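Enquirer: Sequence:
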Amino acid sequence: MQVVIHRPTVSGARLWIQAELKERGWSLEVRDGEQVVHAWSPDERDPDHLMTNVAPRSTDTRIWFVDLAGLTPGTEYTVWYLPRRSAWSREDGDRVVASFRTLPTSLRDQPFRVLLASCYCEDRDERGQTGSLLTRAAPPRWARPTLGVGRRLRRARVALSSLLRTGPPSGEPTGRVAARYQDVRRLGLRPDVKFLVGDQVYLDAPYRDFLLPMGQSRMKRHISRTYSRTWEKLNHLLAHGGNFFVTDDHEFWNNYPANPLAWITLLRRRTRERWELHARDFLHKVQDTQRTVGFDIGPDGRELAFFLADTRVRRQRPRWPWSPVERFMAEDDFGELLAWIRGLDVPGVLVTGQPLLAPARDFFPRLLDRGLPDHADQYRRLCDALASAGHDVLILSGDVHYARYARVTLTDRAHVLHELVASPLTLLPAAGNHFGAGPEGEGPEHTSPFPLDGEPLGTATYSDPLRGSGDPCRDHFMILEFGRSGDGAVTVDVSVHLVRPEDGAAPTPPGPLVLR
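Numbered according to my numbering, the sequence shown terminates at residue 522, and the numbering increases by one at each position without gaps.
Simulated from the structure, these hints should not be mistaken for laboratory data. These numbers come from a predicted model, not from an experiment. Zero decoy hints are in this set.
Between beta-carbon pairs, the in silico distance windows are:
#: 1; residue 1: ASP189; residue 2: GLY494; range: 31 to 37 Å
#: 2; residue 1: PRO305; residue 2: LEU273; range: 51 to 57 Å
#: 3; residue 1: PRO212; residue 2: GLY396; range: 45 to 51 Å
#: 4; residue 1: PHE369; residue 2: ARG30; range: 56 to 62 Å
#: 5; residue 1: GLY492; residue 2: ASP100; range: 41 to 47 Å
#: 6; residue 1: ARG90; residue 2: ASP38; range: 21 to 27 Å
#: 7; residue 1: SER491; residue 2: TRP326; range: 49 to 55 Å
#: 8; residue 1: GLY492; residue 2: LYS28; range: 54 to 60 Å
We put the CB at the ideal spot given by N, CA and C, even for glycine.
Sequences are here, hints too, so could you generate the full structure?
Expert: Here it is as structure tokens:
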């Protein structure tokens, strides 16, 4: 049984609840302190979704979406698990399985904290593992087959323990990322919401699993086990604080929706279509992603506006892997994004799965990975809209296995663009950072925000928040604390939290940002 909090608002939230069919008699209560504000039992209604559990001798998994309403703004709520009680059976006592806070009505009353993270590889989330992936010595060749078998057995153990577990989740984190999140919360930095901006799962890993044909049952088993292992490891992080999910390519396959070139299993069109169908099914039933979603903070939304845009799930599919494409969103979704930018009468925060400031790729790099600038028409229109916005805009993103801050001073414009990138949460084996920029702004072509042709929109300066860590790919997440200054501007304090702080690294986050 597991509870995850989705998309809290000023007066409500959505609970994602999953439990096996054989788990009976339990119930949940949502409490404000000692007061019960909502009680719910799985016997009240049929589940929204029924999914096959691939573990042996287990029953189907039931999933409910429970929408809460009528809650008090800016208030902390806890979700309690009440076990089955009878004359013959009495499970352990009531316990907290999730918590969240509704959105505040004003930044003046209390700060609003956001966690930003992307790119989570469950294989690398091991409690006893120390050191950065890039700084750990590679094992000798003779030991690699044994280590490979060990990794397979570990993945099977984690998946089966997750799929077979009944009752409430463990009160203690099972993964290193969740344990670090718990430590940060205990220090008083309790995020109100988390923006998990892509690659929450790596369905296309490990690569060796995609060298032979794969039947439909094996597809479902692979995807189900990957999600089960990931949600098991991240349970404490997902259960405490609200979650907004944005999709990126590895929720399907690398460079989705372009046809994969190296993943032999997915070269056959019919296999690829079935894989995509199952991957979308899990996106809908587990991550509950939305193509676009926005919310405002402040009286009548007059302080800060947020907009999350999924630039992956309805991206234009190239005819051939090298063919040019124009759209990273469907036109109706993209129209909502442009309308939000043009209608800004307060500072805005735009959340996407890939950075805005990136180079347009040449022929061969485009075969392996396409960024937003590789979709020329919509990228140009998005840049023009941001350059004409009425207020400062902060862009939050991930994907590139690099922590980065950029400030764009626009030509002949009073407002400023900021971009923060947080990636990875745990680094995929054998992956490195896609690109970076030095602390003084030196680096490749993308250090100037060109709209693909014509004059640049302005000048950009870059800094590396992990400069003091000795590793541009060190596992981390960021917490942004939004507040209101005396002159009415929105302030953003950024802190960088290493998943393995005992390594002695010292992140250097950007100084307080000011949005006007």
